[in-house]
Amino acid sequence: MKRLLFLILGIFLIMPVHSAMAGGGAGPSKDMMKGEFTMVDASAGTATFIKNGAQEPMILNLPEGMTADAINLDKKVMVTLDSHAGEGVIKDVSVMFLDMNVKRVAALLLIGLIGGLLSGFIGSGGAFVLTPAMMSLGVPGAIAVASNMCHKFPKAMVGAYKRYKYGQADIKLGLVMAVTAIIGVQIGIMIQKYILKHWGNAGSNLYVSTVFVFILVVVGGYVLYDAYKLAKGTGEAKTPKLAQALMKINLPPMMEFKVAKVRISAWVTIPVGLLTGMLAATIAVGGFIGVPGMIYVVGASAVVASATELIIAFIMGAWGSIQWGLAGLIDIRLTLLILAGSLIGVQLGALGTTYVKDHMIKIVMAAVMLIVAVSRGAKVPGYLADVGLRGQLEPQLASLLESVSYWSLIVALASAGLIITTAMVKGMMEARAEERVSRLQEEGVSHG
Amino acid sequence: MEMNNFDKNMSAAAFAEAGEHETAREMLSDPETGQKKVVHPVKKKPVVSMIIFGVISLSLYVGLMMRQDLIMDTFTRGGIYTAWPICTALAFSFIHGAFASNFLSVLGLEAKKH
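Line by line, the protein sequences give chains E and G. Residues in the first sequence are numbered consecutively from 1, following our numbering. Residues in the second sequence are numbered consecutively from 1001, following our numbering.
Hints may be right or wrong, so weigh each one.
[What the hints assert, rightly or not] As a list, the in silico DSS-like pairs of lysine-lysine whose alpha-carbon atoms are at most 25 Å apart:
#1 E:Lys261 with G:Lys1113
#2 G:Lys1112 with E:Lys258
#3 E:Lys261 with G:Lys1044
#4 G:Lys1113 with E:Lys357
#5 E:Lys258 with G:Lys1113
#6 E:Lys357 with G:Lys1112
#7 E:Lys238 with G:Lys1045
#8 E:Lys165 with G:Lys1008
#9 G:Lys1008 with E:Lys426
[Unchecked claim] Per label pair, the in silico range of CB-to-CB distance:
#10 G:Ala1013 with E:Ala414: 28 to 34 Å
#11 E:Lys103 with G:Met1010: 27 to 33 Å
#12 G:Arg1077 with E:Ile191: 28 to 34 Å
#13 E:Lys103 with G:Glu1020: 54 to 60 Å
#14 G:Lys1113 with E:Leu242: 33 to 39 Å
#15 E:Leu251 with G:Ile1080: 27 to 33 Å
#16 E:Lys75 with G:Val1047: 41 to 47 Å
#17 E:Lys197 with G:Ala1083: 33 to 39 Å
#18 E:Glu256 with G:Ala1083: 33 to 39 Å
#19 E:Lys197 with G:Arg1077: 29 to 35 Å
Derived from the structure by calculation, the hints contain no laboratory data. Note that the Cβ used here is the ideal one computed from N, Cα and C, for glycine as well.
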């Protein structure tokens, strides 16, 4: 058993080095360059660009429809090249690091706080809304993903520590899941690359969204059904039948997880971890499969599963941050501003779990998953049009779908925040009332 | 000397304030059953550490914003410089996390005791 753990830890240690050397991994694409524009020649349709670290300037071509105004001179920019359009043709230019203003700072603090609350409560969350929210503030996609990743791991660390103190986090289960998930990420990236090669960007977008919507609806729907059953009944969660059956499989190596109170074959936990990683590589939120996987397949309670997910998020987040950091894409100001709110949120969410029943965690999880599925589902018609499976969308419909997609993310975050706060306040008031009653009883005993 | 309930409580409080907790507890225990009364300790709120960590955290944030050009330039060089953003995020999470923890305690938000 110990040997197996060392083996997977060994793989875990080698992997970041390997993928860092390969320059791939979860990092940015190769068609992207960082540097500064020094001159634009509007009449010739070219721009002089000095790549970071290079001495010699290079001449890039402006694509059709791009004017010289789109090029910011003497500012750090990220340039994506359009490899299909020819040599050195610019596809997209974005200013890497935005100026911070009051509105941006306030928005980051607020989303951080609610994202943290969600993360402390259900183990994952925040990332699916933080990245699009940052992008809507004008942050380039790659910087948003990188800065978000760098905020995720310290936040998860603080949350995991708190929930470990409450006796909810299973460190061993977390380590096994994280290491297998990292292997899963590699498999997920390979699948992504295969799809990108054969069906291009539009095909990849369609694949990601279809997987996303399918998994979120199926798993989220089941979690909701289960939570509804529990809420109607006694509210006490039993070990699911599937997990009970799997625990009977006595295939060595057997693993014992003390906090989760589970003894199960490694052949069951490893696929759950792999799938978590594969999903993380595909849709960036591994927790949506990791937590239900730990509940329904491994047999941990919702409280333990969501706490353990924070350990997984910490390890995977740290690994991912190193990848993005090596590419120099982390905007530390964004990272730290989100952390300012999320470190409060994550601890609040963590202590909130001590006041609620197990099914409350499932309700929040299901609500978030289903609303996020709507958000992604709204993008599917557009992607279908991109691959030519349906006619082009009318501009009105396209903008409607775009706003449905964005606002449902905000609704997901807001409703989750509301459910958690209400459940927590109710739980706290009940706990206070109980305490008062027991105090009165004690006094009654000593007087009587 | 026969003491009434009020006297007993007040003198117990006086002993407790002077640091003689055991004497205070004995005074409050029931003479007939000998059972000690459960004294619920009032936890002191970590106001001072909240302020200390809050000030450190805030000054780090101010420092970050004042020197953002230099910091952004150093932190995004890639390679070995990757250690900068990673370590900074960790350091902030310890300091600001400690502030957040104390802040929630001061607000009276604590985990349920089992």
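Now for the hints, and whether the structure bears them out:
no., hint, result
1, E:Lys261 with G:Lys1113, "holds, 21 Å"
2, G:Lys1112 with E:Lys258, "holds, 22 Å"
3, E:Lys261 with G:Lys1044, "violated, 35 Å"
4, G:Lys1113 with E:Lys357, "holds, 15 Å"
5, E:Lys258 with G:Lys1113, "holds, 21 Å"
6, E:Lys357 with G:Lys1112, "holds, 12 Å"
7, E:Lys238 with G:Lys1045, "violated, 38 Å"
8, E:Lys165 with G:Lys1008, "violated, 39 Å"
9, G:Lys1008 with E:Lys426, "violated, 38 Å"
10, G:Ala1013 with E:Ala414: 28 to 34 Å, "violated, 48 Å"
11, E:Lys103 with G:Met1010: 27 to 33 Å, "violated, 57 Å"
12, G:Arg1077 with E:Ile191: 28 to 34 Å, "holds, 32 Å"
13, E:Lys103 with G:Glu1020: 54 to 60 Å, "holds, 58 Å"
14, G:Lys1113 with E:Leu242: 33 to 39 Å, "holds, 34 Å"
15, E:Leu251 with G:Ile1080: 27 to 33 Å, "violated, 44 Å"
16, E:Lys75 with G:Val1047: 41 to 47 Å, "holds, 45 Å"
17, E:Lys197 with G:Ala1083: 33 to 39 Å, "holds, 34 Å"
18, E:Glu256 with G:Ala1083: 33 to 39 Å, "holds, 37 Å"
19, E:Lys197 with G:Arg1077: 29 to 35 Å, "holds, 31 Å"
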